[in-house]
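Asker: Chain residues, written in single-letter form:
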Amino acid sequence: MSVSARKPVDIRTPEHALLRPTLLGLLRMGWLNQMSLADVEISWHQKHIDLAFLSRRQEIGPVAVELKVNSTSRAIAQAGLNRYLTPSSWAATWTPPTARVLARAQEEGVGLFLVAERGIYPLIYPRRGQPHTSVLADHLLMRRRRVRDLLSYLRNG
Amino acid sequence: MADTATRHWLSFSNSDQRVLCEETHGELWDALVVPGTLATYYKQGVGGYVLARRRPFVIDPRTPLLQDTSVTPRPVPRASHETLAGIHDPEVGNIWAAGREVGLETWNAERWERTVASVLKFQTSFESDAAEKISKYEKILRDAGMELDNFPVHGPERLIPPYWSVKGIQDPWWRLSREAVEYAVRDHGPTRIMPVLCLAGDAPSAQSFEELLTDLPEGVDRVFCWKGSWDEAAADADDIAGWLAAIDVGAMRGVDITNMYGGALSVLMTGLGLKGVNHGVGYSESRSERRLGQTGAPPMRYYMPRLRQFLTVPQAQRVLDILGETGDDWSCGCGVCRGRATIVDLKTEALKVHFLICRQAELAEAAVDIATAVESVRSDGERLIERFANVDESTRHTLELRGRTLVRWADALSSHLPQ
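First to last, the sequence lines map onto chains A and B.
Take any residue in the first sequence, count from 1 to its spot, add 36: that is its number in this note's numbering.
Take any residue in the second sequence, count from 1 to its spot, add 525: that is its number in this note's numbering.
In case anyone wonders, no lab produced these hints; they're calculated from the structure.
For each residue, glycine too, the CB sits at the ideal point set by N, CA and C.
Heads up, some of the hints might be wrong.
[Stated by the list, open to error] Facing chain A, a subset of chain B residues (Cβ under 7 Å, in silico):
#1 Pro839
#2 Gln842
#3 Leu845
Just chain A, with the same shape it has in the complex (with noise of 0.2 Å):
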């Protein structure tokens, strides 16, 4: 089963508004740059993964978040089971994570943001792993959508 992108054009979830926070941020870490392959709303399985990139390290590739305003939980589960595409899975949230919160995340070996105004705070790293499929790097290098291209579209709508 592959992976298909629809062209970021009316992404109006409430999580729209934790995107360009969190590429900014991503960017300031120096996670990606303008020219990294990223894509947004990747469709797999009935499912959509909200930002996919690929990594500057090759031992990283493909990473993987879950953008959520409210309810981390739901979150955390969805970055669970990205894990089959990236071991690399993320979870981003405005909201301050309870220590529950916390344990679930390390219990699900999925990383989580912390996302603010100014940047983004990695709180929880990803457990190491194997992707099952590599069908979400073929996509990104398929789609060849860049960062600077999301960025472009946030820009300007």
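The hints should help you fit chain B onto chain A, whose structure is shown.
Answerer: Then chain B, alone, in the frame of chain A:
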């Protein structure tokens, strides 16, 4: 005399053409139900494939698609809805175009008799009228390794008269459905037809099939029964008893019943007298008679054989990982899945073949020893409850709920097992 073997029917979809040729794992299905929308709109393409395939099939006129849907707003009719309407009565398309619904009063005696004749004529002439592309599909099938020469080309095995969704025998739409069966019996004989008895989703229970069966003209020996929106996962003891009572009434009248849209629970009921189950390849184990206008197969999912349930592929892998945490192996040993470290990279065709293999195995198990099949369901259900009762985490909690469903099925079926 009706064929006594249980039949595994599949609702035909163009996207399944390849998997319907898959026979390296044995014969995975017995017969096709071809939707009237496809048969009328893609007449030569569907006809060419289905006739070339040389396996039994019927054409479902899907008449409830024309039925007044004042409760559920009708979406804009697609071209295939209009061609389907056309084989019933050309006036239907004009009524829709005027923004109105086709009410009961439209179907006066003369018009209805003409409609029944028209729908049946479409089916009886399908073999000759829909064969323009048969050579093309025969070549494709031969190139795929199919042996066709020893098998004759046949039109629909049985004819399905037009039918309506009804709430029971008092429903005025039932009078029309019954008349359609009468006309079909008169013109083609009772053993040439296989009517559909469609109970509306809000009809009281499957037990209402009993009165419809009792009211059928004499000589009808096979029917499809369709309970709108019947969700097997929510089935309780009364639902199951209702189906089994209908099966018994059918048996007493010499009528074999096939569930038009069923899944694993219906498969278990084939061990208790249900003569067939129909479903799509990975979908349509439940169908609303009010939403026939919303068509198209959903994305393929993974069938978990011991849960008797479909899950999305990532969810299925997660469930397998969770179940495997204690060393308990719930993985599938079929020819597609055996030896795989992961199911996540299975392609659509493989998911379909895997499902059909599992479904055939379920049917075989129910046919050989229904008591053992029911106990196997109970055992799997009890293991899930034992492991996951009172667990917070959402996936584990859904496994507990699934366990309770399986035990509920087993309890309801056990009381009907032969002594």
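Asker: Tell me if the interface restraint on B:Pro839 is satisfied: Cβ within less than 7 Å of some Cβ in chain A.
Answerer: 4 Å, holds
Asker: With a cut-off of 7 Å on the beta carbons, see whether B:Gln842 makes it to chain A.
Answerer: 6 Å, holds
Asker: Against chain A, is B:Leu845 within 7 Å by beta-carbon distance?
Answerer: 11 Å, violated
The structure is inconsistent with hint 3 alone, although it conforms to all the rest.
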